[in-house]
Amino acid sequence: MRDQGKAAAVASDLPIPVAHQFDDARQQHEAAAMGMWIFLATEILFFGGLFTGYAVYRAVEPQGFHEASRHLDLLLGTLNTGLLLTSSLTMALAVHSAENGLRRPTIGWLLTTSMLGLGFLAIKGYEYAHKVHEHLWPGPHFVAPPDASRGFEQFFVLYVSMTGLHAIHMAAGLLVMWVMVIILWRSRHVARHSNFVEMFGLYWHFVDIVWIFLFPLLYLIDRS
Amino acid sequence: MDSHADHAVRRYFGIFAALLVLLVITVGAAYVHLGAANIVVALVIAVVKASLVAWVFMHLRSSTPIVILFALGGVFWLVILILLTAADFLAR
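Protein chains in written order, with the numbering used here: chain A, 1 to 224; chain B, 225 to 316.
Next up, chain A with everything else stripped away, as it sits in the complex (with noise of 0.2 angstroms):
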């Protein structure tokens, strides 16, 4: 159905140039979707060795996890995974347009998910300033409660460690988005790139996804 929807994009646009090692559109654009998860799977092992000493820590210090989790900002969590789920809808309404050849929605719509990326950010920094100045910042200031049991400051070491690689993540994922925004302000033919707007919208939703497992894991542990 989306190759129809290409199809009629190219016929009232330019034709999408064609590398000379493929045969086809189809075939240039089937390489870049496999290129581009190739690129996703040693991203998910990147942040799966995180996860797994995640899990380990976790069934080694239940307890010290469950009180330290409860002194994450609920509501701020709650707000950034509502945020990042509406970019990923922004981001794919983004593809939609460039797909469709319609240059100002996709510009409109990827500057709109930079914002929601943005306010992400600044929340996640707003969090991380609170966590130092209530000295649950892993390092030499860390006091844990007096009462705290066993893994109470390893649960912040992760936190800030698969919170931070995401941030990161999500910092390297904004630059990209902007320099895509200048090269289409620029372009005539938004469909000639709608291969590289697909293909960064897939890294977007893969960070995404990243926090939809961090979400729970770090703020969600039982909170009854």
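FYI, nobody ran anything at the bench for these hints, they're computed from the structure.
Ideal placement from N, C-alpha and C gives every residue a C-beta, glycine not left out.
Take the hints with a grain of salt, since some may be wrong.
Stretches of chain B that chain A covers, calculated by requiring three or more beta carbons in the stretch to come under 8 angstroms of a beta carbon on chain A [stated by the list, open to error]:
#, region
1, 235 to 248
2, 262 to 274
3, 278 to 285
4, 290 to 298
5, 303 to 311
Start from chain A and add chain B according to the hints.
Just chain B now, kept in the frame of chain A:
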């Protein structure tokens, strides 16, 4: 935009609504005392949310089998990483 395009946009908004409903459910479930089942419920909801994003937003539903295979490949190795580590720690 033709009607096919409208269908795609409607589907994106439908998935987005489902994701928000699942977010509310997962936060609500954390306040219900389920003991060891809390983590199971939270992870099942997270897997459903991730699958919706991958299947619709990441276009796996309209991808060729080989692209779907590569997407599953990453998950396959992640499962091996976690299962073998767990087998070690749980058997000590």
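Hints and how they fare:
For the region 235 to 248 of chain B, the proposed coverage by chain A is satisfied: 7 residues have a C-beta within less than 8 angstroms of a C-beta in that chain, meeting the threshold of three. Counting residues of the region 262 to 274 of chain B whose beta carbon lies closer than 8 angstroms to any beta carbon of chain A gives 8, which reaches the threshold of three, so the coverage claim holds. Counting residues of the region 278 to 285 of chain B whose beta carbon lies closer than 8 angstroms to any beta carbon of chain A gives 5, which meets the minimum of three for the stated coverage. Only when three residues or more bring their CB closer than 8 angstroms to a CB of chain A does the claim for the region 290 to 298 of chain B stand; here the count is 6, and the claim holds.
By the rule of at least three residues with a Cβ nearer than 8 angstroms to a Cβ of chain A, the coverage given for the region 303 to 311 of chain B holds, with 4 such residues.
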